[in-house]
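Heads up: the protein sequence lines correspond to chains A and B, in order.
Sequential numbering from 14 applies to the first sequence in this note's numbering.
Sequential numbering from 41 applies to the second sequence in this note's numbering.
There may be inaccurate statements among the hints.
Simulated restraints on C-beta separations [what the hints assert, rightly or not]:
{"hint": "1", "chain 1": "A", "residue 1": "V454", "chain 2": "B", "residue 2": "Q172", "range": "44 to 50 Å"}
{"hint": "2", "chain 1": "A", "residue 1": "V63", "chain 2": "B", "residue 2": "P317", "range": "32 to 38 Å"}
{"hint": "3", "chain 1": "A", "residue 1": "Q307", "chain 2": "B", "residue 2": "T270", "range": "29 to 35 Å"}
{"hint": "4", "chain 1": "B", "residue 1": "P317", "chain 2": "A", "residue 2": "R179", "range": "29 to 35 Å"}
{"hint": "5", "chain 1": "A", "residue 1": "E573", "chain 2": "B", "residue 2": "R346", "range": "42 to 48 Å"}
{"hint": "6", "chain 1": "A", "residue 1": "V454", "chain 2": "B", "residue 2": "D263", "range": "50 to 56 Å"}
{"hint": "7", "chain 1": "B", "residue 1": "R313", "chain 2": "A", "residue 2": "V63", "range": "30 to 36 Å"}
{"hint": "8", "chain 1": "A", "residue 1": "M504", "chain 2": "B", "residue 2": "L78", "range": "26 to 32 Å"}
{"hint": "9", "chain 1": "B", "residue 1": "Q172", "chain 2": "A", "residue 2": "A508", "range": "31 to 37 Å"}
The hints are simulated quantities; they were obtained by calculation from the structure and are not laboratory data.
No experiment lies behind these values; they were computed from the predicted model shown.
Cβ coordinates follow ideal geometry from the N, Cα and C atoms, glycine included.
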Amino acid sequence: MNAPAPLPFAWRIGGPQGSGVLRMALLFARACARGGREIYSRREYHSNIVGRHSYFDVSVAGRPLFSHRETPDLLVSFEAETVARHALAVASGGVLLHADEPGVPLSALRFLDPRLREHLSAELAAGDLPPSTDGLLELARRRGVHCLALPYGDWLARLAAGHGGRKAVAKTVNTLGVAVSAGLLDLPLEDLLWAVAQTFAGKPAVIEMNQDAARLGWEAGRADRPAGTAKLSAAKRKEGRLLLGGHEAVALGKLAAGLGLQTYYPISPASDESAFLEAHTRLPRSEGGPLVLQVEDELAAVNMAAGGALTGARCATATSGPGLSLMTEGLGWAGMNEVPLVITHYQRGGPSTGLPTRTDQGDLLFAIHAGHGEFPRLVLASGDVNDAFDDALRAFDHAERFQLPVLHLLDRALTGCLQTVPRFRPARHRIERGRLATDAVGAVPRFAFTADGISPRPLPGGPGAPFWTTGVEHGEDGRVSEDPVIREKMMEKRARKLETAARAIPVADKLAEFGDPQARLVALTWGSTTGALREALHFLPELRVIQIRLLWPFPAAELEARLPDDALLVVVENNYSGQLAELLAARTSRRAAHWVLKYSDRPISAEALLPVLEAIRDGRGEPRMVLRNPLE
Amino acid sequence: MTQTDPHANFAAPETPDWCRGCGDFGILRALEKALSGLGLRPQEVVVFGGIGCSGKTPYYLAANGIHTLHGRVLPFATGAKLANPALTVIAAGGDGDGLSIGAGHFVNAGRRNLDLTYLFYNNEVYGLTKGQAAPTLPEGAQTRGMAAPNPQRALDPIALALDAGYTWIGRGYAYAVGELSELISRAIRHPGLAFLEILQPCPHYHPDHDKAWFTQRLYTPVDHDPLLTTNDPARREALHAAVQRLAGQRDERIPVGVFLEDRVTPPFTTALRRQQPAWPEKAPATTPVANGEGQPLARIDALLDRFAV
Chain A
14 MNAPAPLPFA
24 WRIGGPQGSG
34 VLRMALLFAR
44 ACARGGREIY
54 SRREYHSNIV
64 GRHSYFDVSV
74 AGRPLFSHRE
84 TPDLLVSFEA
94 ETVARHALAV
104 ASGGVLLHAD
114 EPGVPLSALR
124 FLDPRLREHL
134 SAELAAGDLP
144 PSTDGLLELA
154 RRRGVHCLAL
164 PYGDWLARLA
174 AGHGGRKAVA
184 KTVNTLGVAV
194 SAGLLDLPLE
204 DLLWAVAQTF
214 AGKPAVIEMN
224 QDAARLGWEA
234 GRADRPAGTA
244 KLSAAKRKEG
254 RLLLGGHEAV
264 ALGKLAAGLG
274 LQTYYPISPA
284 SDESAFLEAH
294 TRLPRSEGGP
304 LVLQVEDELA
314 AVNMAAGGAL
324 TGARCATATS
334 GPGLSLMTEG
344 LGWAGMNEVP
354 LVITHYQRGG
364 PSTGLPTRTD
374 QGDLLFAIHA
384 GHGEFPRLVL
394 ASGDVNDAFD
404 DALRAFDHAE
414 RFQLPVLHLL
424 DRALTGCLQT
434 VPRFRPARHR
444 IERGRLATDA
454 VGAVPRFAFT
464 ADGISPRPLP
474 GGPGAPFWTT
484 GVEHGEDGRV
494 SEDPVIREKM
504 MEKRARKLET
514 AARAIPVADK
524 LAEFGDPQAR
534 LVALTWGSTT
544 GALREALHFL
554 PELRVIQIRL
564 LWPFPAAELE
574 ARLPDDALLV
584 VVENNYSGQL
594 AELLAARTSR
604 RAAHWVLKYS
614 DRPISAEALL
624 PVLEAIRDGR
634 GEPRMVLRNP
644 LE
Chain B
41 MTQTDPHANF
51 AAPETPDWCR
61 GCGDFGILRA
71 LEKALSGLGL
81 RPQEVVVFGG
91 IGCSGKTPYY
101 LAANGIHTLH
111 GRVLPFATGA
121 KLANPALTVI
131 AAGGDGDGLS
141 IGAGHFVNAG
151 RRNLDLTYLF
161 YNNEVYGLTK
171 GQAAPTLPEG
181 AQTRGMAAPN
191 PQRALDPIAL
201 ALDAGYTWIG
211 RGYAYAVGEL
221 SELISRAIRH
231 PGLAFLEILQ
241 PCPHYHPDHD
251 KAWFTQRLYT
261 PVDHDPLLTT
271 NDPARREALH
281 AAVQRLAGQR
291 DERIPVGVFL
301 EDRVTPPFTT
311 ALRRQQPAWP
321 EKAPATTPVA
331 NGEGQPLARI
341 DALLDRFAV
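Can you build the whole structure from these sequences, using the hints too?
If you want it as structure tokens, here you go:
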């Protein structure tokens, strides 16, 4: 057996929302990626505009990454709440950067959750330490964490001289912190400066100021390097890569697919995708760009997209949580009227308002069953940023080929992440528009009975005769019919499309396999939790991972054929009830022996998964195992 | 299709299943006549129906007919018009469809001066569900299907359309087919969002308001000038006040005709072109997305470069 891969380096930055945490994480990730390294990051934030705590984990390694770590090797902080929330999470032997300021009692931190304050106070009391950030730093030191106090104030005073005063340079404190960490890690200065220029592109004075801050911080970090600190020294540049998040990949996939109209109602976290599309509809395009319209509610969003799709445009909407609940009416209409409609659904914590900015995989069975009555739909789920692009692009082909609504599921973890991926190659894709009857002259019955269930699709404004559609049950010509025989035939016709889709979609698009195909320990998953399992493979070679990418129609036969009789099945999901496990039991003859679940609405990491998988491998696993981390 | 019958282009062979004496028959005839008179090709007309008796209108027309969901007729129609602006798009829905379950869409459509025609059938009752009060039924009124007088006040669709921003507003009567057809034509020709309230009898559930009831009350105000051709705020204010007065007359005297024809407010096209200069020339529905080999035509290279590391 080969030696296990080294752990990815884990970097964390925290701060109040609105203070630039996201931008600084992007800055650090860019600098590392520029140096040829691979990145995966996770983002945590509150449903709040300004003031509540947010943090970002950036994992860095020489191999592709798909998962974050829960124990950072290096923490960058600027204020007391970040120290309070994360000091106990920093790995032993790691580094904690904090402002050189007096300690703060935990009781003075107004946004620290009472439960966490009690947890931290108990830890401190056990170590005979005061309930303050000073106590937490001391506790970290006892675990071998190097706590470095940074004189941000002095540095800002130095920078102020050349850049218009203290107020003007105040925000460069972020860059200073990031730069110190870069210096400590021996990250090449030129990569850091490049990342600064990228991050503040278009603002030359801001770039110059932040590059000065970067140099200052970087030098200080180099000088202060504790012995044994990990190194991210110069590595070989890799060309042709992108650094982006899931919602950006989806937007790019939609643009490549020829998106004509996207309608949406603002909701976290789905709006990030529509905001990106809105910002980029004007880019140079050979054949026009999409319209993106914010509308009055999700009812309007889904039905406007359906109205557009009826005319032949590629139309989509994007939503989260309660938005999909409102869209179920329109989803059913699209199913009944065989309208190619793409709904991108970014899962967040539910039910009700739930946890709007936290991740969850609790909408799988809902997506499969949403809507009254029975009608075919496709449900896809992306496991990483690569999948997000591919699935967004293919969703339109599926929708048009099989003339049905396609639900593309992502989860919040994937939406707010950053991942390095090979540059997307849309030119390799072949768009399929299905059975369009645009040149037909005369009457084309919209719902003609066919062997595969798919009818030629007329569009208004073409040379053919007008056509009718209705959400009422109808005959081939789209005229209302309550005839029992017509009803049976129409139900059968619509259902046949799902069988056609199941036959036509390649198995590689239905499930992805990773690891040793002979391994007896088989983990099944879907969505972004796939990443934690792929990362776990590096440390647990006796593991095999199967990611279900097409959740409906469920690829039961293909999955069963890949599972040896003695396979020990583990299902890993970010939800409470094990929805994939339920689906497996309902659609196949197999049952999962172990359900590994997490429903704090924080993402699953390889780090947390490994001891659980090892226990299962060694026969020490429980049927239901819940992953918990009180410090996330 | 014959040349002798001006309705033939748009008359579908199917027999309507509306009740005898229903106002919907008159509206259907007027719509057929208007569409034929405008010289439109049936293929280029899309009629969206809501839910209820009025929502069945597209069944009985030989134009593209899309029967949608209760209250959602405007979003469907909006999506189609955005995706293919070359189409003539008409939305037909009832009082409950537009002002109860679809009220959010009714109001918000007014924020977009998109070139749609909204035919609002007002008979003050829900027919298909057996006679409940519509949101246009006055407080205290009790129609045949109701167990008690209406405890809720009525909404005025014209006043609401005016406040919401509809740029063409009119009222017609279902059995004045000639006049109604002319109103529908003008509404369709209006290059923005047109709202036409159509008063109609429901002989089954609201028999008090029969043809005689209407004919005694309807009149066309001769001194009302609906045209707004100037940005003068005083003129706009005076015209809005006049429309409000006409809207409120629903008892002894009921005015019909064109109440507002605003030629000043820019069409939604202007705002959309700021976002997407290629629209509507390169409309989503008619712009190819792939070349002959199926390769995507969209150029995303410059966008990808922004994420390059």
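Check your understanding: Going back to the hint list, which numbers does this structure go against?
Key -> The structure breaks hints 4 and 8; every other hint is satisfied.
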